[in-house]
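There are 2 protein chains.
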Amino acid sequence: MYPEYFSVRMRAAEGKAHELGGKHISGGERLGNRLQLEVIATELLAKASNHSRGSADFIQLVVEKVPGEELQFIPPLDVSAIEVATVQEGHDKAKDQLAAAGVSERAIEHAFLILNHERNLRGAAIVNCETGERLDERGQKGVRVSRMDWTDCGHVADSVRVREALALATKVAQSPYTVAELCWSDDPDYVTGYVSSQQLGYVRISPLKRMGCESGGRVFFVHNDVDIDSYIDFLERKPVFIQGGESE
Amino acid sequence: MYPEYFSVRMRAAEGKAHELGGKHISGGERLGNRLQLEVIATELLAKASNHSRGSADFIQLVVEKVPGEELQFIPPLDVSAIEVATVQEGHDKAKDQLAAAGVSERAIEHAFLILNHERNLRGAAIVNCETGERLDERGQKGVRVSRMDWTDCGHVADSVRVREALALATKVAQSPYTVAELCWSDDPDYVTGYVSSQQLGYVRISPLKRMGCESGGRVFFVHNDVDIDSYIDFLERKPVFIQGGESE
Ligand SMILES: Nc1ncnc2c1ncn2[C@@H]1O[C@H](COP(=O)(O)OP(=O)(O)OP(=O)(O)O)[C@@H](O)[C@H]1O
Ligand SMILES: Nc1ncnc2c1ncn2[C@@H]1O[C@H](COP(=O)(O)OP(=O)(O)OP(=O)(O)O)[C@@H](O)[C@H]1O
Ligand SMILES: [Mg+2]
Ligand SMILES: [Mg+2]
Ligand SMILES: [Mg+2]
Ligand SMILES: [Mg+2]
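Chains as they are written, first to last, in the working numbering: chain V, 656 to 903; chain P, 656 to 903.
The set of hints was computed from the structure by calculation and includes no laboratory data. Predicted model, so just to flag it, every value in this text is computed and none were measured. All C-beta atoms in this analysis are idealised placements derived from N, C-alpha and C, irrespective of residue type, glycine included. The reader is advised that the hints may include incorrect statements.
Stated by the list, open to error - Pair ranges (Cβ atoms, derived):
| id | chain 1 | residue 1 | chain 2 | residue 2 | range |
| --- | --- | --- | --- | --- | --- |
| 1 | V | Gln853 | P | Glu674 | 36 to 44 Å |
| 2 | P | Glu725 | V | Arg774 | 30 to 38 Å |
| 3 | V | His706 | P | Gln727 | 28 to 36 Å |
| 4 | P | Asn771 | V | Glu869 | 51 to 59 Å |
| 5 | V | Glu738 | P | Glu724 | 47 to 55 Å |
| 6 | V | Glu724 | P | His878 | 50 to 58 Å |
Construct all of the structure, not just a fragment, from the sequences and the given hints.
Right, dumping it as structure tokens:
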């Protein structure tokens, strides 16, 4: 018998629910056993209720049993950091990294357009690394990666924010279809972003936006030969635990 | 400034989500302030995870801010109890009570058909007290009454189960459209049911079904002149606190 695991997903919005036009405030994706459910739910509610993007009027939590036999355990990406003086320099460094990973100039420009847009997606956009075309058909919703978490939070000393992002980036980089990821937060008080891939590792770049700005998001650049449905299924449904190791 | 209150709704199913055909396991509707949110969520998750109907593979929690200025405080219905020797006698007593409240024989028969059905609704059916016609168009889903709770749980000594049912019945009876309510649980280990109305109070009748049976539900009998949309809006959205008092 495999142990029972549960995926817990949270999304929070201001004004009204996302699907009714509310403003996205917070989201979260966790994985744990039955005994951890209540702690995870409490942490996600606290995250939604104390957020720099605003005050949540709507919070949804969804708990789903996850097939234990599909669980995979993988180590986190290696972490490195680049500090720059200006947002422009940060963007240049990010573009260099993405180009080194094999992303075309067109695709890079399209991704920066998406992340600079004033109307954020609340999930990621999937972009062809050659043509720059957006491949998911999720509109404003985008694709939320779920079902990933750390086996033991104690092992990694970083902030919750970095832990969440490193778990996500590690899962995304795990797919052979992924060429690279670009991210900066939609939180107005957090200006660090990253570029990541299996080869590059997790490259923190700070700043990637100016303080106070609420634009942000994620772009996953994928190979031309991607099977988009199975890629999205992997992102949304494959359960992955990130196991220990040093992150810096 | 009115204080901020939040509605918390839970539904749990086995196999898969309700809308995908999963078996309804548990539901719950609560009301509390921001500080109570985490305790309420924890209690609802525990309720869903330890249920006599089965093991939940899917649990959804929805938290919504409730307009404080709409909050109403009402006392619970008076509680009385009828003990009988057989389920048949229990049904006869329930029918007597419903007839006394002004429900026609046809409407009563239809309600018993609905509650005895092997495929339960997961909410209530709304039935015309004269014609017996079902008025809501919610099918298997029915209508879930939400946004009601006790101001202070300590005041009423009953079991959680009775507290939940008494809060619901009190809110339902509060509408001038409601003629009476009939309920027995879908839980296989709980055979007590009730008939309630503003005039009758909350009349516990035991047994109303045999031990081990998973059929159950609720029927709200309404006046012929009901405005069904505003009635459902009241049931689903009007926030009501039940305030203290003795329940037995
Ligand atoms: N799990 C995810 N899968 C895909 N994209 C995500 C995911 N989490 C965040 N994003 C995208 O990255 C952006 C920035 O992430 P960030 O972590 O700041 O926001 P969030 O996860 O939506 O909520 P929170 O700030 O509470 O973590 C989001 O606006 C969203 O577009
Ligand atoms: N809030 C509600 N509004 C309308 N109908 C309800 C509500 N709660 C329960 N019912 C109906 O009454 C039936 C019996 O109620 P009961 O309290 O046993 O179940 P539940 O509320 O769905 O879950 P739980 O057993 O965890 O409380 C349910 O199957 C459902 O049809
Ligand atoms: Mg996040
Ligand atoms: Mg954010
Ligand atoms: Mg109940
Ligand atoms: Mg029940």
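Report task. State, for the Cβ atoms of V/His706 and P/Gln727, whether the hinted interval 28 to 36 Å holds or is violated. Result -> Between V/His706 and P/Gln727, where Cβ atoms are some 31 Å apart, the hint holds.
Query raised in the report: Is the gap between the beta carbons of V/Glu738 and P/Glu724 within 47 to 55 Å?
Result: Holds - the Cβ-Cβ distance for V/Glu738 and P/Glu724, about 50 Å, lies within 47 to 55 Å.
**Report entry** Hint check for V/Glu869 and P/Asn771 - Cβ pair distance inside 51 to 59 Å
**Finding:** holds, 55 Å
Query - C-beta pair P/Glu725, V/Arg774: status relative to the range 30 to 38 Å that was hinted - result: holds, 32 Å
Query raised in the report: Using the C-beta atoms of V/Gln853 and P/Glu674, is the stated range 36 to 44 Å upheld?
Result: Holds, since V/Gln853 and P/Glu674 (Cβ atoms, about 37 Å apart) stay within the stated range.
**Report entry** CB-CB spacing for P/His878 and V/Glu724 relative to the 50 to 58 Å hint
**Finding:** At roughly 55 Å between Cβ atoms, P/His878 and V/Glu724 fall inside 50 to 58 Å, so the hint holds.
The structure meets every hint from the earlier list without exception.
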